[in-house]
Amino acid sequence: MLKIANLRATVDDKEILKGLNIEVKPGEVHAIMGPNGSGKSTLSNVLAGRDNYHTTDGTVLFEGKDLLTLAPEERAREGVFLAFQYPVEIPGVSNLEFLKTSLECLHTHQNKPLLSAVEFMKLAREKCKLVDLDTDFLKRGVNEGFSGGEKKRNDILQMLMLEPTLCLLDETDSGLDIDALKVVADGINALRSPDRSFVLITHYQRLLDYVQPDFVHVLVDGQIVKSGGSELALELEEKGYSWLESGTEQPANSLKA
Amino acid sequence: MNNLNAITTDFTAKQQPDKNAWLQTIRDAASERLTSLQLPTKKTEDWKYLKLEKLLASEPIDTESIKDLEAKSVNDINQLLAQSLISSLDAYRLVFVNGVFVSELSQHNNNPYSVLFSEASAAQQELIVAHLDTSHNYYHDYFSSLNSEQFEDGLLIHIPMDCHVEKPFYIVNLTLGEQPKTHMMRVLVVAETGSNATIIEHEDAPLKHTGMVNTVIECFVNDQAKITHSRIQLDESVTSICSHRVQQGRDSIYQQHQISLGAKLKRNDLTVSLQGEHAKTDIRASFYARDQQTIDNHTCLEHIVPNCTSNEVFRGLVDNEANAVFNGRIHIHPDAQKTLAELSNKNLLLSDLATINTKPELEIYADDVRCSHGATVGQIDSEALFYLQSRGISKVEAKRLLSMAFIAEIVGQLTEKSVQEFVTQRLSSLFSSLQYEGEK
Ligand SMILES: Nc1ncnc2c1ncn2[C@@H]1O[C@H](COP(=O)(O)OP(=O)(O)OP(=O)(O)O)[C@@H](O)[C@H]1O
Ligand SMILES: [Mg+2]
Chain A
1 MLKIANLRAT VDDKEILKGL NIEVKPGEVH AIMGPNGSGK STLSNVLAGR
51 DNYHTTDGTV LFEGKDLLTL APEERAREGV FLAFQYPVEI PGVSNLEFLK
101 TSLECLHTHQ NKPLLSAVEF MKLAREKCKL VDLDTDFLKR GVNEGFSGGE
151 KKRNDILQML MLEPTLCLLD ETDSGLDIDA LKVVADGINA LRSPDRSFVL
201 ITHYQRLLDY VQPDFVHVLV DGQIVKSGGS ELALELEEKG YSWLESGTEQ
251 PANSLKA
Chain B
1001 MNNLNAITTD FTAKQQPDKN AWLQTIRDAA SERLTSLQLP TKKTEDWKYL
1051 KLEKLLASEP IDTESIKDLE AKSVNDINQL LAQSLISSLD AYRLVFVNGV
1101 FVSELSQHNN NPYSVLFSEA SAAQQELIVA HLDTSHNYYH DYFSSLNSEQ
1151 FEDGLLIHIP MDCHVEKPFY IVNLTLGEQP KTHMMRVLVV AETGSNATII
1201 EHEDAPLKHT GMVNTVIECF VNDQAKITHS RIQLDESVTS ICSHRVQQGR
1251 DSIYQQHQIS LGAKLKRNDL TVSLQGEHAK TDIRASFYAR DQQTIDNHTC
1301 LEHIVPNCTS NEVFRGLVDN EANAVFNGRI HIHPDAQKTL AELSNKNLLL
1351 SDLATINTKP ELEIYADDVR CSHGATVGQI DSEALFYLQS RGISKVEAKR
1401 LLSMAFIAEI VGQLTEKSVQ EFVTQRLSSL FSSLQYEGEK
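So the protein lines, in turn, are chains A and B.
Numbered by our numbering, the letters in the first sequence go through residues 1 to 257 in order.
Numbered by our numbering, the letters in the second sequence go through residues 1001 to 1440 in order.
Next up, chain B with everything else stripped away, as it sits in the complex (with noise of 0.2 Å):
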């Protein structure tokens, strides 16, 4: 049996908990599905960039690390995994490791809005049912029906109608130590007409222990609705593999705000389908990948009804040998007419040997619409190198200024402050602490 076959086996060996039995339903539709779905392949359109085998062979495991860290207490542990966090965001804060919340490193008291899936009242589990799948379901591909086949826990965020939540959602996912190996992590957010809510998604590895995530989040953002996301995925020791599906009503608005770094394999498919008029869309990400990592973003915008808006900024940085890849398909159609949509895509390669695949895709059936993409692709900027260089900073520190630089404007648009400097410093950290080639 090879590395792959043991991984999928993995996945599918699972045992099936039955605390969760009311969402039988759900798994069994998933289940079926995947009798006609395959592990994607080089031919599959989707996934052609990646050599998906060879990413999810397993990884060595860094047993020292493991050893240390079952020699130490619960609280110690505890203790560690807070260092990771976003301390000063006043937030309700959900902790997760490995795909199980962790309620010592959580703080949520006086939190009525949200519940884990094996917590939900009777109500709760009938929204969650309502809810579950439902969105665009022509996009369940293979890890999203593995992940609603097995998943053990979930969790529900749910804002009641004209609710104006004023602290955000902090929901952190942290992977650590050798078991397992792949978890599943869902969330649900359900945003009812007129509410407004912030939510912030942090994935990590404080130990940079390795792992394997899959991950699936829907949000039903209902009419005159907002939801702010934030998303900033740091774990670079982690192979993840996140479908995000985004439903919106008449006037609402979803806004996402995305630092990726990249993995071993990163995939990230976001699917916004505007579903009511007048709905906003706008989504600002940036990726960073380096050494042999690999990223790929692919996002798709479903234009459905009239009078909508979506604007999208994806901004990428490919380092040493790394391999990007950015899809973003804009679908708009027959009945959407007056649409806005624009997306833009620039790159930064920062070696020879770095690549990125960038491929804006557009559909248009309708015939009223204003439509813009681009994407660029380009080095480093010879003019700003010399003149820093020139005021005594050395060519390996400017680039490092001019990578920061191109990413900052993403990072700038975080709505927390607290976000803001956390990543700022993260980034930097990890810059400065990489060497370039063919430099001292």
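Same shape as in the complex, but just chain A (with noise of 0.2 Å):
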């Protein structure tokens, strides 16, 4: 499904990527977990296609498309998308336009048939309700004035409403009250099959225990130092970052996922 290799990225000329190998096939959850500041939303936002942000090597293959060469909508398209770390307020344009919106744009792309008014009203109250937002949050501006904890749940539901085939989620867990992180949580596992993957960034083990992880990474200094299995999490909520930052760890290339 994805294959990153050998990436290096920068932004405004500073390297935050230094070599990174990802390998995710379809169904798997991956999580990656590292300091601040060591790469992890560089890694997303790279991914996702923002503009400031340039591979200055390596490849990126998205079920064996070169994903670095298309713009971000059409990622989007592609069954791509990221739930941000810091959601952004836009006024002025409704929820419901937005994702209205977007649902016929990747819907066209993928020559599914469009939704009638009442079957799109019909399923974001659906999703809504799965996410525990009332539907008013539909009608007012995206994200505007939205709590920190709604803004998260307000991506969760774009991510429910779009059904994409890779779903990153960039601390999308953090700033969540305990029944919030439950709700998030749900969404991802009610998303979950046999084609579809996840790959959660997170700083907690306490998304991991209702999101159980195959694979975990350690991204230290924009590289993966180390990979293991769900149990590295506890390991590293345990005993921080420290012992692997030394450098004692064996170079990520030579672990395979």
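Bear in mind the hints are in silico, worked out from the structure with no lab data behind them.
Nothing here was measured: the structure is a model prediction, and the numbers come from that model.
The reader is advised that the hints may include incorrect statements.
Calculated lysine-lysine pairs in the PhoX-like style (CA-CA distance at most 20 Å, straight line) [what the hints assert, rightly or not]:
#1 LYS100/A with LYS1399/B
#2 LYS1417/B with LYS139/A
#3 LYS139/A with LYS129/A
Hints in hand, dock the two standalone chains.
Below, the structure is given as structure tokens:
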């Protein structure tokens, strides 16, 4: 599904990703953990196609296609979805209009029949319920005045509507109360299927209690320094990152997820 | 003779109608003023951002569509025009085509409040003469004086004392066909003490015919009266110059909501003078100019007496190579203590070639006032753009959504739902027909 090989990327001429390798197969859940500033959000932004991020080396294949040559909207239409660490507010564009436009763009690209207004509303209401957002939120501007947790749930709502094949969630669990965390986890689990994959960027074990990852990777200074199974997350929770940063571990390239 | 001369002589050569001979003193006064006034030039401070000569040069006429039109029956034409109206609006509808009242398109049964100047009773004539051109006449400029000298007919809306008119007045001015090239619209609103009314003005050119309109609107909002005034200017093909003067009495409220599209030249002058204490003025306007259009907004709030409040918000969206001007003046006279005046102008430039000149001007001669003003010029928020793109929405579509969003706040304040919907629909179909530079 997703194959990242030796990816190097710069932001404003500063190298952030320094030869990163990950392979995600259909149906898998990967967790990426790592200290602040190690490049996790940079990775998700590079994958989503934000324009001030430049890749200087390496390849990213998504379902065999070169992802890096596609415009951000084309990536989304192909089935890549990024839940942002900091979702932006867009006053004046209603959530409903936004979701409808977005869904239409995806369905058109995927040669699926477009939903009627009634079908769309039904779907939107149903998904709102799943993420525990009142349908009033649909009428408000995108994330406008939403609390931190509501913004995250709004991103999950979009994910549930758009049904992407690859879901990248950048700290969607940060800043959530216990109930909201459960809602987000349920949203993810509701979408899990053999042909859909997840990459969860997180700092905490608690999300992984609900969504069991197949693999856990540790990103330090722009490289994956260690990969393992779900038990690695528990180990990190206990020991922190310092034992990995000292460089005693094997280089990431020799580890295959 | 160049085009400009042709147009100005076209103004002056018109026969003066004698039907409204009782207006002669007003016309004479205007002629008198015109002897000392001149067509503004680049050196005229209030007009300095406009290349007026170029802008007034006549447009090529779309002869094909005129021929089509000539072949149609009056009925067919009326039917066609009817489609451009906000039909679901329950209102006293007064439709003008090229400045001439068309009763077939209007709906004004049981409307005791409005009358054409040409049909005014003796008492109404007296009222008109008592008000016309009396609002702070130091603002008389070339174009409004031309209007006073030459308008053929006018519309009076007179709301009697303490009368609350439920239905809005819906005044439509459509530009159509080749003749006349220029026309004068004249509207006079007199809201007596304690009265309340809503006025919706709609300017349009359903067949995109070119022409020129010179409009003068005067509103007298007397003590404790309230006027809500929406103006939607959607006639992109028409060169239009409008002078709009409002005079407010004690405890009166004047609210204006305006949505304007650009044109080859669109000039809007709004002057509000607050002449009674505790009067409130609220102005919310938005404009959108594209291609090589020009839109020029000049506003002036005259705070003459103490304890009045004015709030003015202008939002401009300027695209392609369009040129926009916002000049917002607040003039606080020496007696106008405890004035509260706010002015904000936010602009979004959608292209590198678009220009905006924005200039808030404060003139404050009283010491105990609260006054704030701000103007910003920005570009589309790249974070918002990326967020939309990351959900599969193309850059072009995302820009459209964000442009609409920028204006939506003002559209949302139009008081009538059907007007809101009409404007939203017109704007979105306009935006979706546009191509942004460098985009597929
Ligand atoms: N525009 C920029 N210019 C310079 N450095 C930048 C820029 N954007 C990001 N960086 C740097 O890149 C590094 C990686 O940032 P990134 O946001 O990817 O970290 P992260 O792993 O997501 O951290 P966190 O856990 O705090 O979210 C940081 O040191 C950050 O300061
Ligand atoms: Mg981050």
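| When you check the alpha-carbon spacing of LYS1417/B and LYS139/A, does it fall within 20 Å? | 16 Å, holds
| Is the Cα-Cα distance between LYS139/A and LYS129/A 20 Å or less? | 15 Å, holds
| query | Is LYS100/A close enough to LYS1399/B, meaning Cα to Cα at most 20 Å? | reply | Holds, at roughly 16 Å.
Of the numbered hints stated above, none is contradicted by the structure.
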